[in-house]
Every structure is written in C-alpha cells, then in structure tokens.
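There are 2 protein chains.
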Amino acid sequence: MVFWNLEKLDLEEFRPGIMSKAEIGSNLIMACMEIGPGKEDTGHSHAFDQCGIVLEGQIEMVIGEERRVLHPKEAYFIRSGVRHGWKTFRDPVKLVDISLKQPV
Amino acid sequence: MVFWNLEKLDLEEFRPGIMSKAEIGSNLIMACMEIGPGKEDTGHSHAFDQCGIVLEGQIEMVIGEERRVLHPKEAYFIRSGVRHGWKTFRDPVKLVDISLKQPV
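Protein chains in written order, with my numbering: chain A, 1 to 104; chain B, 1001 to 1104.
Keep in mind that the hints were calculated from the coordinates and are not lab data.
Given the structure is predicted, the values throughout are model-derived calculations rather than measurements.
For each residue, glycine too, the CB sits at the ideal point set by N, CA and C.
Honestly, I wouldn't trust all of these hints.
Said to hold, decoys possible - As a list, the in silico DSS-like pairs of lysine-lysine whose alpha-carbon atoms are at most 25 Å apart: (1) K1087/B - K1101/B; (2) K73/A - K1101/B; (3) K1039/B - K1087/B; (4) K1087/B - K73/A; (5) K87/A - K1073/B; (6) K39/A - K1073/B; (7) K1039/B - K73/A; (8) K1101/B - K101/A; (9) K1073/B - K8/A; (10) K1073/B - K101/A; (11) K1008/B - K73/A; (12) K8/A - K73/A; (13) K21/A - K73/A; (14) K21/A - K87/A; (15) K1073/B - K21/A; (16) K21/A - K1101/B; (17) K21/A - K39/A; (18) K1021/B - K101/A; (19) K73/A - K1073/B.
Claimed, not checked - Coverage of chain B stretches by chain A, computed from C-beta distances (three or more under 8 Å per stretch; other residues unrestricted): (20) 1020-1034; (21) 1055-1069.
Please model the complete structure; the sequences and the hints are all you need to start from.
Right, dumping it as structure tokens:
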C-alpha cells in the first residue's frame, strides 16, 4: 500500500506497549507507531539518520544534549551517531518515524 | 536544529510557489514544504524511496497506478523507481517529505 490514513491504520504489536505498522522500501522504513503510557527508551545510538513527526499525545525526546517534550505537529531529526532516547507520560503517543533501511 | 514546530517553522522559497525548509543529515533529507494552490508535478521517478505526511490542505498524488487525494494525517510511500506526481487545488498544502540523501 502506498497511501496510509494514519487515523484508521491497523497496527500490530511491535514490542510490549508499542503498536506499529511499517512500510519497508529499498532505502527507507516508514513506521506508524503508537506507544503506550509510561514507556521509556533510556537511550541508544545508531549509524544512520532517523526522523519523525508526532501526531497525537506528548513524548519527551532527548537527542544529544537537547531535551524537549514534543506535541502533535512537531518533528524531530536524529543525526547518525547521536545518542537519543524518549519517554511517554500518561497518554499514548502516535507518531510516524522514518529511518534508513539497513543493508542486510 | 533537531526539533521543529511545524506550525511555526520559517520556510524559504524553494521553487516558485513552493516554500520549504530542509534538514539534511548523512542519509536522510527531511523537508517541510508549503505548496501553493494550482501547482502540479506531472510526474517523474528516481532511484530512491520517498515518503511523507500531509499536515494541511489537500493534494492529489499519483504513485504508479494509484491516484488519491490526500488530506491531513495521511501519508504516502513512493518506492524507488516508481513514477509519481502531484497536484494541488484551491488551497495551499503543507506536508513533511522525507527522502534518501543522494551520494554526491
């Protein structure tokens, strides 16, 4: 499918508390993710860029030295190699995340 | 800058009738674009994936054999090599578009 209605998309469990649907092309992975309340990634890094847009809810993101609570219609860009993490609060968060597809 | 508020972002003219701001990393280009009314790209293709999310307005997109008018909170994924084009109507369209950064 090349078009997604992000409000009606059927997601599947990706990890506990994280629902997802991904489109995987030759170079890019686009994923719609719904992250439950009170979830956290304390931080990691990888050798490729990653970016995304928040659609619903609030998520705290830390990218390198910058920390910010993102709301709907806010976007992030994580440069290759920069440590980043995130945390959700009381409400679920829906976002679309895009990253480079890794060579197999 | 790693965070964008897409409602307050300052855009610059990219082409006549198209305002844009882009973040360019090692692998990805994320661009917020505002396309004026009555603009059109009749179609082209390229050897890398491209995807995006509509934030405001309506845009008709043709990707391969599929044609659809996209509204806010709808997303598209254009696979490498697939011919695609778009058309705007009476209102401007704001979207975020992500594509692979081309090797120089």
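Comparing the hints with the structure gives:
no., hint, verdict
1, K1087/B - K1101/B, "holds, 24 Å"
2, K73/A - K1101/B, "holds, 23 Å"
3, K1039/B - K1087/B, "holds, 6 Å"
4, K1087/B - K73/A, "holds, 23 Å"
5, K87/A - K1073/B, "holds, 23 Å"
6, K39/A - K1073/B, "holds, 24 Å"
7, K1039/B - K73/A, "holds, 24 Å"
8, K1101/B - K101/A, "holds, 13 Å"
9, K1073/B - K8/A, "holds, 10 Å"
10, K1073/B - K101/A, "holds, 23 Å"
11, K1008/B - K73/A, "holds, 10 Å"
12, K8/A - K73/A, "holds, 18 Å"
13, K21/A - K73/A, "holds, 20 Å"
14, K21/A - K87/A, "holds, 20 Å"
15, K1073/B - K21/A, "holds, 15 Å"
16, K21/A - K1101/B, "holds, 24 Å"
17, K21/A - K39/A, "holds, 18 Å"
18, K1021/B - K101/A, "holds, 24 Å"
19, K73/A - K1073/B, "holds, 10 Å"
20, 1020-1034, "holds (count 7)"
21, 1055-1069, "holds (count 6)"
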